[in-house]
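**Q** Spelled out from the first residue to the last, the chains are:
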Amino acid sequence: MAEKTVTLRIKRGVADEASTWEEFSVALQPNANVISCLMDIRKNPVTKDGKTTTPVAWDAACLEEVCGSCTVVINGRARQACSTMIAGPHGIAPNGETITVEPMSKFPRVRDLVVDRSRMFDALKRIRGWVQIDGSHELGAGPRVSASDQEIMYTLSRCMTCGCCVESCPNYNDHSPFIGPFAISLVRMYNMHPSGKMQAGERLDSIMSDGGIADCGKAQNCVKVCPKEIPLIESIAVMGRETLKRALFGWLLK
Amino acid sequence: MAAKVSVKSKNGSVRRAIVVGGGLGGLMTVIKLCEAGIPVDIISLVPVKRSHSVCAQGGINASVNLKGEGDSPAIHMEETILGGDFLANQPPVKGMAEAAPGIVYMLDRMGVPFNRTPEGNLDFRRFGGTLFHRTAFSGATTGQQLMYALDEQVRRYETLDVQDERGVTIPGEKMVRKFEFFDLADLIMDDNGVVRGVIAQDLKTSKMHVFRGDAVCLATGGAGMVFGRSTNSVINTGSASAVAYRRGAMFANAEFIQVHPTAIPGPDKLRLISESVRGEGGRVWVPRDRKDKRAGRDIPEKERYYFLEERYPAYKNLVPRDIASREIFRTVVHEGYQCLPGVRSVYLDVSHLASTESSKHALKNKLGGVLEIYEKFAGEDPYTNPMQIFPAVHYSMGGLWVDFETDSHNSLKIGASRNASTNLPGLFATGEADYQYHGANRLGANSLLSCIYGGMVTGPSMATWREETNGSAFDLSSDLFDKAEKRATEEYTALLARTGSEYSENAFKIHDELAEDMLLKCTVERKNDELTGLVQKIDELKVRLKKAAVLDTTPTGKMNQPAVFLRHMRGMLDLAEVIAKGALARDENRGAHYKPVFDSDRDEAKDHPEGGKGRDDKNWLKTTRATFTEDGAKFDYEPVDISLVVPRARVYKQKSMAAAVGSIGATTETTEKKDDAHAPA
Ligand SMILES: Cc1cc2nc3c(=O)[nH]c(=O)nc-3n(C[C@H](O)[C@H](O)[C@H](O)COP(=O)(O)OP(=O)(O)OC[C@H]3O[C@@H](n4cnc5c(N)ncnc54)[C@H](O)[C@@H]3O)c2cc1C
Ligand code: SF4
Ligand code: SF4
Numbered sequence: 001m002a003e004k005t006v007t008l009r010i011k012r013g014v015a016d017e018a019s020t021w022e023e024f025s026v027a028l029q030p031n032a033n034v035i036s037c038l039m040d041i042r043k044n045p046v047t048k049d050g051k052t053t054t055p056v057a058w059d060a061a062c063l064e065e066v067c068g069s070c071t072v073v074i075n076g077r078a079r080q081a082c083s084t085m086i087a088g089p090h091g092i093a094p095n096g097e098t099i100t101v102e103p104m105s106k107f108p109r110v111r112d113l114v115v116d117r118s119r120m121f122d123a124l125k126r127i128r129g130w131v132q133i134d135g136s137h138e139l140g141a142g143p144r145v146s147a148s149d150q151e152i153m154y155t156l157s158r159c160m161t162c163g164c165c166v167e168s169c170p171n172y173n174d175h176s177p178f179i180g181p182f183a184i185s186l187v188r189m190y191n192m193h194p195s196g197k198m199q200a201g202e203r204l205d206s207i208m209s210d211g212g213i214a215d216c217g218k219a220q221n222c223v224k225v226c227p228k229e230i231p232l233i234e235s236i237a238v239m240g241r242e243t244l245k246r247a248l249f250g251w252l253l254k
Numbered sequence: 255m256a257a258k259v260s261v262k263s264k265n266g267s268v269r270r271a272i273v274v275g276g277g278l279g280g281l282m283t284v285i286k287l288c289e290a291g292i293p294v295d296i297i298s299l300v301p302v303k304r305s306h307s308v309c310a311q312g313g314i315n316a317s318v319n320l321k322g323e324g325d326s327p328a329i330h331m332e333e334t335i336l337g338g339d340f341l342a343n344q345p346p347v348k349g350m351a352e353a354a355p356g357i358v359y360m361l362d363r364m365g366v367p368f369n370r371t372p373e374g375n376l377d378f379r380r381f382g383g384t385l386f387h388r389t390a391f392s393g394a395t396t397g398q399q400l401m402y403a404l405d406e407q408v409r410r411y412e413t414l415d416v417q418d419e420r421g422v423t424i425p426g427e428k429m430v431r432k433f434e435f436f437d438l439a440d441l442i443m444d445d446n447g448v449v450r451g452v453i454a455q456d457l458k459t460s461k462m463h464v465f466r467g468d469a470v471c472l473a474t475g476g477a478g479m480v481f482g483r484s485t486n487s488v489i490n491t492g493s494a495s496a497v498a499y500r501r502g503a504m505f506a507n508a509e510f511i512q513v514h515p516t517a518i519p520g521p522d523k524l525r526l527i528s529e530s531v532r533g534e535g536g537r538v539w540v541p542r543d544r545k546d547k548r549a550g551r552d553i554p555e556k557e558r559y560y561f562l563e564e565r566y567p568a569y570k571n572l573v574p575r576d577i578a579s580r581e582i583f584r585t586v587v588h589e590g591y592q593c594l595p596g597v598r599s600v601y602l603d604v605s606h607l608a609s610t611e612s613s614k615h616a617l618k619n620k621l622g623g624v625l626e627i628y629e630k631f632a633g634e635d636p637y638t639n640p641m642q643i644f645p646a647v648h649y650s651m652g653g654l655w656v657d658f659e660t661d662s663h664n665s666l667k668i669g670a671s672r673n674a675s676t677n678l679p680g681l682f683a684t685g686e687a688d689y690q691y692h693g694a695n696r697l698g699a700n701s702l703l704s705c706i707y708g709g710m711v712t713g714p715s716m717a718t719w720r721e722e723t724n725g726s727a728f729d730l731s732s733d734l735f736d737k738a739e740k741r742a743t744e745e746y747t748a749l750l751a752r753t754g755s756e757y758s759e760n761a762f763k764i765h766d767e768l769a770e771d772m773l774l775k776c777t778v779e780r781k782n783d784e785l786t787g788l789v790q791k792i793d794e795l796k797v798r799l800k801k802a803a804v805l806d807t808t809p810t811g812k813m814n815q816p817a818v819f820l821r822h823m824r825g826m827l828d829l830a831e832v833i834a835k836g837a838l839a840r841d842e843n844r845g846a847h848y849k850p851v852f853d854s855d856r857d858e859a860k861d862h863p864e865g866g867k868g869r870d871d872k873n874w875l876k877t878t879r880a881t882f883t884e885d886g887a888k889f890d891y892e893p894v895d896i897s898l899v900v901p902r903a904r905v906y907k908q909k910s911m912a913a914a915v916g917s918i919g920a921t922t923e924t925t926e927k928k929d930d931a932h933a934p935a
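Chains as they are written, first to last, in my numbering: chain A, 1 to 254; chain B, 255 to 935.
Excised from the complex, chain B in its bound form (with noise of 0.2 Å):
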């Protein structure tokens, strides 16, 4: 790294980083920039100890090949990218596979109790896409686990004193601080364009605070909540993405959303049944019979359709999870199988891997943090019931476009500050708000991974950022910084000011029309004449959310949740644009994007050389890009960097890995990429 700038700009302010989230991804870029000497202020909704990373379930994905079935790196590479329908840019993949199992030793120092074999070595499990043991796993709470243990070393930073080039401690400045339960309210761009900064909310107060960083990041998670009810965390509106999007920062592949097939339907959030339930032995089942009216556990063998395990031999109820949904909702919406007359679910069971005390116990060992979930949320036992479940929205694979750079070996190059930027100079984007990873498909249990390598990778681009970079936001004028916090109070007061007759809506009732939408046009199977309709409906609900009532008109000074929201919803509205507007035109079929009118013929890859059912890489082997317009979102399509694993069909049906296995040497030697490959056409 180059030689370390100043902790302090020229008038004698302490130089510090802006990190928006405090999920894994925004963790770990905080220790990296820490490691770099580098202050850091945490802004987060929630204290981030809190942050929806700790739904994760299931595990991380590492090719340790502690079982010794020769899994490499270059393998879980090439399954990544395969996984992802080709849409990932494929040296960050790359350089992810490549980082994995030091990932997963380093969480292993930090504390996290992985599962151990009988060795004491890491054990591992399997997840879907794979044939491989490739999830080290803590019980069913591994992102808890592991957000955890990020969080223990960002507390200990809490702790420790800033401390100049020469080693002399400044007094009362920390390493970290954090600013929990703020809500990123605006960007602060200074004339040229660079961020300098971000205002946020102290929910506590409803006031607004200025925040000037040499470096802002955005590592502010998904954006389930546009669906309404999903796998994720309530406090996933993407309204932090949003707020970037609308100063200018393109949004990327949106319409790349995946439906996980296994997740308990409630009235106020769809609890998901991690794949790692399918990964120890779990099978998807539906009585054979559509009419059948005994309980599950009460159908014998020979009466039950195990519908994934009969069109998917190889890899059975582990097919990934865009082909594991679509095949649930064909088989209950379109073929009329349920579990029991009118109630729209699948089996998932595990009761045949609890027949005795020692193996429930070893199950509960591995499996018992979700299985405990049903049990307190759906009211019966998994261990003697197989579970109902039925798919739900989880996860977004588009987020903020970042760029990348590569080294000579078309990984990534790190340390470079073109690695995980967006378009606006100063911010960069990790975890699941960006995009970079997954392609039109996630694998299960690279996501943690992903976030992980996200900060690996990003905080380092922010210190060579900060080094580069024109002077310090710390010796700015106040006015660029006062003048934004003016216009954010204004706005927000505003907002306390609708009350009264002509305000007769209400956000959280657009909300839910707004979700009960796009959960019916915009996820498992998608039509053009639907989605034309959504955007017309998403259309109608901007004009209508500007006559929303702010339901709370407590002033500045105390919390206000209600005026809060109204922010967030439009927050929403925006992305829900983006993405509905993405999937009508993408006139393909690509991992979770999918147009039945593009799938003839039902069996893969037959009619499709190139690739799976309806893909069309002629056309369609392109990340698309939005940018904000006051008029509405403007797209423009950029080429896939696709140096490393040449496109083929993704096909499930039998063990293809074997013959991958052969090539990828092959792919990542010989080709040579220059490190503009991926920029812009």
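Okay, chain A solo, but in the shape it has when bound (with noise of 0.2 Å):
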């Protein structure tokens, strides 16, 4: 029997310059996902065609979709390459479709797959997503936390920083300033927390000048794609009510 092999469509290219698409033809092994056939791809690096080329480039760093690192752009729709999987009961492609992969259009292209986002890192300064504490020198315990708050804080700080939400919203580009709805929902989990709520107005100040909250048209694609189920929409209604709130009574809750 001949091997069982899946299609990868490549879209290539340094930095601004011009991009090409590159074929490969890898063999399928149990539990592949796309990772493990870029792996392949770095070992054999010839396309479809019998053309020698050079190893793609790739962003990875855990395999286990907690880093965030490898998120592309696969048949269209913004995810980590390491839990796509290629066959089984989640596979994008179990009779060997052709797959076809790219870089986030969001972001600087580095190279072929590599995006730079230190964008998203930059919205994480802008709004001060820290709680502020005295010193990491020992003070004794930390403030009493519920535990159906501890889950809902726990819930939204699960995002990694990925790209998937602003990849896919058609408010974030890089004609406008908008943070994007991942900094929204961590702005809601810092205003949560026991000593992070010392700082909330701050906070909320920071995402209702130029590219904050206001820049978003409620599309709602974010949540749809967030790997993290992490509820964006609910977070932009929350800090939407927190910052009208702040607009009109603001001098009056100091």
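Hints were generated in silico from the structure; no laboratory data involved.
Remember, predicted model here, so these are calculated numbers, not experimental data.
Do not take every clue at face value.
Output of the computed footprint for chain A on chain B, the stretches with three or more beta carbons under 8 Å from beta carbons of chain A [unchecked claim]: (1) 290-298; (2) 381-395; (3) 530-536; (4) 620-631; (5) 659-669; (6) 773-784; (7) 797-810.
Note that CB positions come from ideal geometry on N, CA and C, so glycine has one too.
Two independent chains are provided; combine them into the complex using the hints.
**A** Okay, here's the thing in structure tokens:
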């Protein structure tokens, strides 16, 4: 029996130079995913029509969908390459269908599938995304937190800055300063924390200016693609109410 | 702490320290440096928030004793030392165990969403090698949550300005600068051998950059990639440690590689199923009938062989990892049990914990993150099907050799510049990259702790070093740095020229070959003849690597992953050699290092009163240290500081802690130890 294979059609190129597409045929291994296919290509960088080429550049670290590195656009949808299985119950190409793989379009391309997501990390600075503590020295136990609040904060805290949400958001692009849904959702998280609350106002201000929450057009694409199932729309709604309150009564609420 | 030295060097530059690596160990070091007023440059392969530490699932140990079980730092220390089969120097372990409760409280204050009890207190779960509930956790993605907390604190320092001694802001200078997508290429040492900075390559442009630093720390993690597929992130090649090793830093206890008992086999990675799954009640079993073809869920209770529970009635499924891995290996490989005929794995079962909707919800709260991984990558629902798992390479107990200094209580003297210092002056190491806290086998949930504690020790140590050292790197003539940069650039450019017929090898395939042999010959069971063959194979691969083509001749100015991989591959071969030779030399059984030939009688401790099965304290209670030479690694051995807990047999069949608890007070109080007791003999 002939070996089962799968074809990957990959968009390639360096920075803002022109792009090309190359196709690779890869033997299908049990439990294969898009990263394991890219690993195979690296060992034998020859295209489907027999041309020797350079190994495809890609970004990855943990390979278990927790570091957020390997986000690419697969068959038109932003997702992690490591958890995109080829065959099996969640497989996208169980019969060796061609898979297209492209870099995310909302960030500057570095090379092939690697992009620079600095803009997302800058957003975390802008929202003052931390709980301000007096120091790392011993100051006794932290504040008590109810199990139900913990559950919400934990859910929000799983955002791995992967970029799927902003890739799918029509309002996030290089001619808009929008900070993106993930950042708004994180403001909700820090503002829930018993000590994080103490700087809640500053964080709300950070999303009430240019590029803040008002730039969200409520398209709701983001929540559908978040691999961590973060309730982004709910967060945007909660923060919408909070920012409105602050806009109306901010000077009263201090 | 002594009076602060100036933030500025004589010529007016801001005197920065360098931390290479932004996992938990690196970030905690950065926080401590910043709190001491020292600006830092962080260099990291990946955006620090994506560091390997995010993989940690199960939790972090601290004997806070919130469950009223009578746990204490003294017991935590004792169990860590016993778990490591007495190979760890004991004062650092003591310091770590004592600091642990404070560390968990600090993380809590930083906002880590730890799981809670109904009263709103921190919840704790059980982990291997202890009978106490000692592990704080945040769902089943604890590492990610701890990473984010430290990452956030460091991000705050990215926004804060550097101030001079009088509190005047220095324009344009932030406390932390991050250089992400940078790979450590070399250390820069002055004529006296003092490390004065590093060369790192910008991976986006392939250009070499000089970083001057008054104290340099490597917090670059473990080296699981030496084994190809492991539970580690794919960036964990150990290349940074290997760069330091090539420059003369000693590498210690490399042969101690932790093989985790429970991982999902996969073509690209062996994904971990955390020990916390067993801590919450997961059970390991195989069908009693070796030819049973039924699916796991269909096999009735009495036809299941719970081999860990039967063999270790006290600790059951929570024996330490080295023991669990060996038992699984033995059961499958030697005794022929398996999940299904031809499927080399055992079951790890939580389905009995999810029999009702509410128990399933509770389980999801505590283990959702891990069970999700199984669901996604193995394609089966673990709430109803027992998971199929097998051991996988997981953690490097060994690492760069570092020193320590004790105080009058035989704990670490925080702020002494000897702590965490490698043998290269000015170079420090912390986190999984060092060898300090776990001896011959690490207990689960002790690594996140050792990384953070390591940072708490390393930051102050570097701060003191910066005060004590002669002159600043920022005042040295640029000659030294220019030369280093030129050399690194030339080396890299030479790699790009590796094309044509004489370069017939592929470095990625060499990696595969190395991995295959390392996995086969240097993991759970080791045999001297096989190790001898392995050492030869590594030598052969080193020669072949010199013939490896670059695969991508894209010039400097653009990203080029295959060219950079050649440097990492060279490092992996160096470390593989140190691991294999260290294992070959060590003729005994200790922790993760196990040679069946020394285990004639499988009954622990029976025939080896001074240790476990085949442990040889007389000849081998010592730290392995490897030094790089052009002709290969040279080894020497250093006595272990055992001033706190007297070595004894390592037995997990009965509850042994009660007896131990009584003896700890005595050992910690009465043993006097001089500061230099652990210095090389
Ligand atoms: C799947 C898994 C689960 C685990 N679960 C637990 C657990 O529940 N509890 C526990 O205590 N421990 C656990 N561990 C172990 C623990 O996660 C690690 O030992 C720990 O996170 C290591 O942290 P670190 O700071 O030393 O290094 P890492 O987090 O590995 O960070 C290394 C840093 O160095 C950088 N770096 C590496 N090489 C270079 C280079 N050449 N140039 C520049 N930068 C470089 C990287 O970019 C990164 O920032 C687990 C490990 C694994 C694999
Ligand atoms: S709701 Fe729409 S506009 Fe708003 S963040 Fe999500 S995708 Fe973007
Ligand atoms: S919110 Fe979800 S999709 Fe967006 S960055 Fe975070 S994890 Fe990714």
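**Q** Now look at each hint and say whether the structure bears it out.
**A** These are the hints, each one checked on the structure:
no.: 1; hint: 290-298; verdict: violated (count 0)
no.: 2; hint: 381-395; verdict: holds (count 3)
no.: 3; hint: 530-536; verdict: violated (count 0)
no.: 4; hint: 620-631; verdict: holds (count 4)
no.: 5; hint: 659-669; verdict: violated (count 0)
no.: 6; hint: 773-784; verdict: violated (count 0)
no.: 7; hint: 797-810; verdict: holds (count 3)
Hints 1, 3, 5 and 6, counting from the list given before, are not met by this structure.
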